[in-house]
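Participant: Required output: the full structure, derived from the provided sequences and hints.
FYI, the numbering for the sequence shown is 1 to 225, going by UniProt numbering.
Hints are computed from structural coordinates only; laboratory data are not their basis. Each hint can be trusted.
With a cut-off of at most 25 angstroms between alpha-carbon atoms, the simulated PhoX-like pairs for lysine-lysine come out as follows: (1) Lys30 / Lys195; (2) Lys48 / Lys195; (3) Lys111 / Lys76; (4) Lys94 / Lys111; (5) Lys153 / Lys86; (6) Lys76 / Lys109; (7) Lys195 / Lys185; (8) Lys94 / Lys141; (9) Lys111 / Lys86; (10) Lys114 / Lys153.
Distance windows between CB atoms, simulated: (11) Glu90 / Glu64: 36 to 46 angstroms; (12) Cys171 / Met99: 46 to 56 angstroms; (13) Asp40 / Glu64: 33 to 43 angstroms.
For glycine and all other residues, C-beta sits at the position ideal for the given N, C-alpha and C.
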Amino acid sequence: MSDETTVTGADNTAPSTFERKELIEGVVQKHKKLLGEYNDEFGQLGNKLKELQESIDSSKRNREEVLEKLEILTEKRQLFYHQAEKTLDEIDSKVSSDMELSRQVSLIKEKLSKVKGSLSVDEEKAQVDSILQAITSLASKASGISDSLGTVKERINEALSSKIELSSIDCSEEDYNNTIASFDKEMAEIAPRHKWLENRLESHQEALKYWEAQPLVDDAEEVKA
Numbered sequence: 001m002s003d004e005t006t007v008t009g010a011d012n013t014a015p016s017t018f019e020r021k022e023l024i025e026g027v028v029q030k031h032k033k034l035l036g037e038y039n040d041e042f043g044q045l046g047n048k049l050k051e052l053q054e055s056i057d058s059s060k061r062n063r064e065e066v067l068e069k070l071e072i073l074t075e076k077r078q079l080f081y082h083q084a085e086k087t088l089d090e091i092d093s094k095v096s097s098d099m100e101l102s103r104q105v106s107l108i109k110e111k112l113s114k115v116k117g118s119l120s121v122d123e124e125k126a127q128v129d130s131i132l133q134a135i136t137s138l139a140s141k142a143s144g145i146s147d148s149l150g151t152v153k154e155r156i157n158e159a160l161s162s163k164i165e166l167s168s169i170d171c172s173e174e175d176y177n178n179t180i181a182s183f184d185k186e187m188a189e190i191a192p193r194h195k196w197l198e199n200r201l202e203s204h205q206e207a208l209k210y211w212e213a214q215p216l217v218d219d220a221e222e223v224k225a
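Facilitator: Right, here's the structure in full:
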């Protein structure tokens, strides 16, 4: 006969030699023993579940922060390149009477349209270096557009900086999703046992309360445990 059966179920096979006082005290001790054991495990699992939930909440917050940062940096990169293009359009209007200068501006705009695409950091750096060299060459041949060309350089460098910062973010949304899924799985494995312990503790506490309230009468009456 298991401990659970002895202390929680009706025990009609209790030895008749047991006096009521001894039997009740034995049942009470059994309930206390199981309550102590279950309480320890219940507390440990409760702490683990709490830690896992905190990890999930933290991962979700970090995921949102990273996604927001990725979105901002992506938009900044595109905005800076767009501003550079608009300034080049203005420069093109100013030098339109000079076919050679206009041709060089068009080449720079063509290169810039390509660098706006999806490139690796190294590829984008190489493309930007080529564009900046072309801008420097153009500045040496034209007058009255140096400030505008300087603005174009600034915007392109800012766009490249955004790209570099984007590439430095190691964790993707998928990484965070996988981490959260792992925590969820671990919680799902622990939660049923935690709930079972909660129910057993409640059952034993009720039983203990009942038996502790029984009068300790010294007779040979059999007791239902």
